[in-house]
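Asker: Each chain, written out:
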Amino acid sequence: MRQRGMRWILPGAVLFLTAAVIAAIISGSAGIPLRRIFSVIAGGNTTPEYSILIDIRLPRIILGFAVGGALSVAGVILQGMFRNPLVEPYTLGMPGGAALGAALCIILKLQDIFPAIVLPVSGFIGSCLVILPLYFVNMRRNVVRMQGILLTGVMTSFISTSLVVLILAIAKTEEVHSIVFWIMGSLEEPSWALIIIIGITAVLGLFLSYLMASVLNALSLGEEEAIHLGINTERTKKQLFILASLLTGISVSLTGIIGFVGLIVPHFVRIMTGYDHRKLIVISFLTGAGFLIFCDTIARTAFAPVELPVGVITGILGGSIFIYILSRRHLSGRTDGAL
Amino acid sequence: MIEIKGLSCGYGEKLVLKDIDLSIETGQFFGIIGPNGSGKTTMLKAVTRLMHIVKGEIFLDGADMKHLRANDIARSLAVVSQTTPSLPMTVREFVLLGRIPYYKKLQFFETHNDNSIAERAMELTGIIHLKDALMSEMSAGEVQLAFIARGLAQEPKVLLLDEPTSHLDITHQVGILDLVRRLNRQEGLTVVIILHDLNLASEYCDTIALIDNGRVKKCGQPSEVLNYKIIEEVYKTVVIVRESPLSGKPFLLIVSEEVKEKCQKES
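Heads up: the sequence lines are chains A and B, in that order.
All residue numbers for the first sequence refer to numbering that gives the first Met the number 0, where the first residue is 0 and numbers rise by one.
All residue numbers for the second sequence refer to numbering that gives the first Met the number 0, where the first residue is 0 and numbers rise by one.
Rather than coming from a laboratory, the hints here were simulated on the basis of the structure.
Backbone N, C-alpha and C fix where the C-beta goes; we use that ideal spot for every residue, glycine too.
There's no promise every hint is true.
FRET-style restraints, in silico, Cβ to Cβ [claimed, not checked]:
id: 1; chain 1: B; residue 1: Q220; chain 2: A; residue 2: G221; range: 51 to 59 Å
id: 2; chain 1: B; residue 1: E24; chain 2: A; residue 2: Y134; range: 40 to 48 Å
id: 3; chain 1: B; residue 1: H66; chain 2: A; residue 2: Q146; range: 45 to 53 Å
id: 4; chain 1: A; residue 1: G221; chain 2: B; residue 2: L252; range: 34 to 42 Å
id: 5; chain 1: A; residue 1: L9; chain 2: B; residue 2: E186; range: 53 to 61 Å
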């Protein structure tokens, strides 16, 4: 079954992404039909429809593409190197750190000084501050202890989440509102500079992780086997760890906590492509990008004019689709592929 | 081919191997035997760089392994370990992983050459008909053959095997050892093999090293090593050693406690 469907997977993923982008362009409170898109864009910067497309919908689509892709690739990398299907980008505790950074920044009123970029920057600093001790605590004689990283990650996650709750407890009502709003995650981002940065980072991350694809294939057999195949596992683990952290950190600090993408997309794609990371990385990026754009479209149109947090949609939609697929596979007697 | 000089290594403070000296010649079928916990697997791990070496050197083809690159080592040394992967990976994909040491920078897909080497490895090991089967759905014997095929895909000079026949029935035990022997004789592959079963070691190996408590107790031809005095001393078990009527190699019979007591009473 896997072999037969293989050649349709890449076109399928591209098609899914295209469909998600088109749906995101045409849906919204100001309905712009598909056939009018080109005339609106060609019309230039005069109509309100033009500014809705270029200034409101396009940034969200680019951000959804970059963050969805980056989180999915980070998930593929981490699940591959930890050989654990339950690991996801957020397991390392970066969202907690980013939330802590953003919350501190809100109660210290730093965003009044540099409104546009201070929240993302403090979020990024927060997630870096969480990941660095994780890295150095688990380095022994130049050897990275993988299980240690997981455990420390979960623990730092608890600590930073508790600190965020502490801040929430002592903050003023309107500050609590902005902190919670930040944590819930949203693809709304006014700064084009940041959107371009994350777009480039995501595509660069995709490229770099593709360079590591065959190494990840070997690592998924286990570290010892990878060494037998002539791979410098210590160096590779560090590179992969930094790459996954960078992709996660930059996503989280820009959009807040959008869960489930980095966990569910790699799982879902692995069921279709098998273990091979050369396929897994690319297809996961495309699928994750499409999935997040699609969820964001639902989030802003389902109960318009109220916008739902996109993390709610990714959780509900992703979780249900995933359970459905697992139960179908269970019924048909196939047990492999979950890892 | 492999020269181990004054090797000591261990886990933390405790030394598992103490001052090991061994020399494995090109083209040899070299067996390593010894009781559980004697350091056989540790020695293999030291050779494959999974263990930190405390003291001593290991030379591969005359070169100190410390100074060799991981990639170059993997091109001349293939390992068949005890681990069983249960990945949803086809046999062909698994065997092709053995070509990774030959990948150039920026090479993502296997070349035509890689594919034909993998095919040949599967033909030699007799699993070509299983190439599209999933590793997770194969029997223990077939998985072991796939491991050997992956090792052959590395086009190594030396094949290291860590108890390739444990958990297998005698059909598969003999099948795998016959295969390795054939590769040794026809392809000129140097074989280093850890075996638990002393009779299999005796039947197949040219040279046997008996490891006891982290030291080489005895190294030589099967008839020199599998002497009942040495075996009883190392394994603390009473055995009877006879000669195989066909191969002339020694074989061991174990004696149960009940029989032992009965014999002592009668005498």
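Asker: It remains to establish, for every hint, whether it holds in the given structure.
Answerer: Going through the hints against the structure:
Taking the beta carbon of each, B:Q220 and A:G221 are about 36 Å apart, not inside 51 to 59 Å as hinted. One distance hint, 40 to 48 Å for the beta-carbon pair B:E24 and A:Y134, holds here, with the actual separation near 45 Å. Checked against the given bound of 45 to 53 Å, the beta carbons of B:H66 and A:Q146, roughly 31 Å apart, lie outside it. Taking 34 to 42 Å as the suggested C-beta distance range, the pair A:G221 and B:L252 conforms, at roughly 39 Å.
In this structure, A:L9 and B:E186 break the distance hint of 53 to 61 Å, their C-beta atoms being roughly 39 Å apart.
Against the hints set out earlier in the document, violations occur for numbers 1, 3 and 5.
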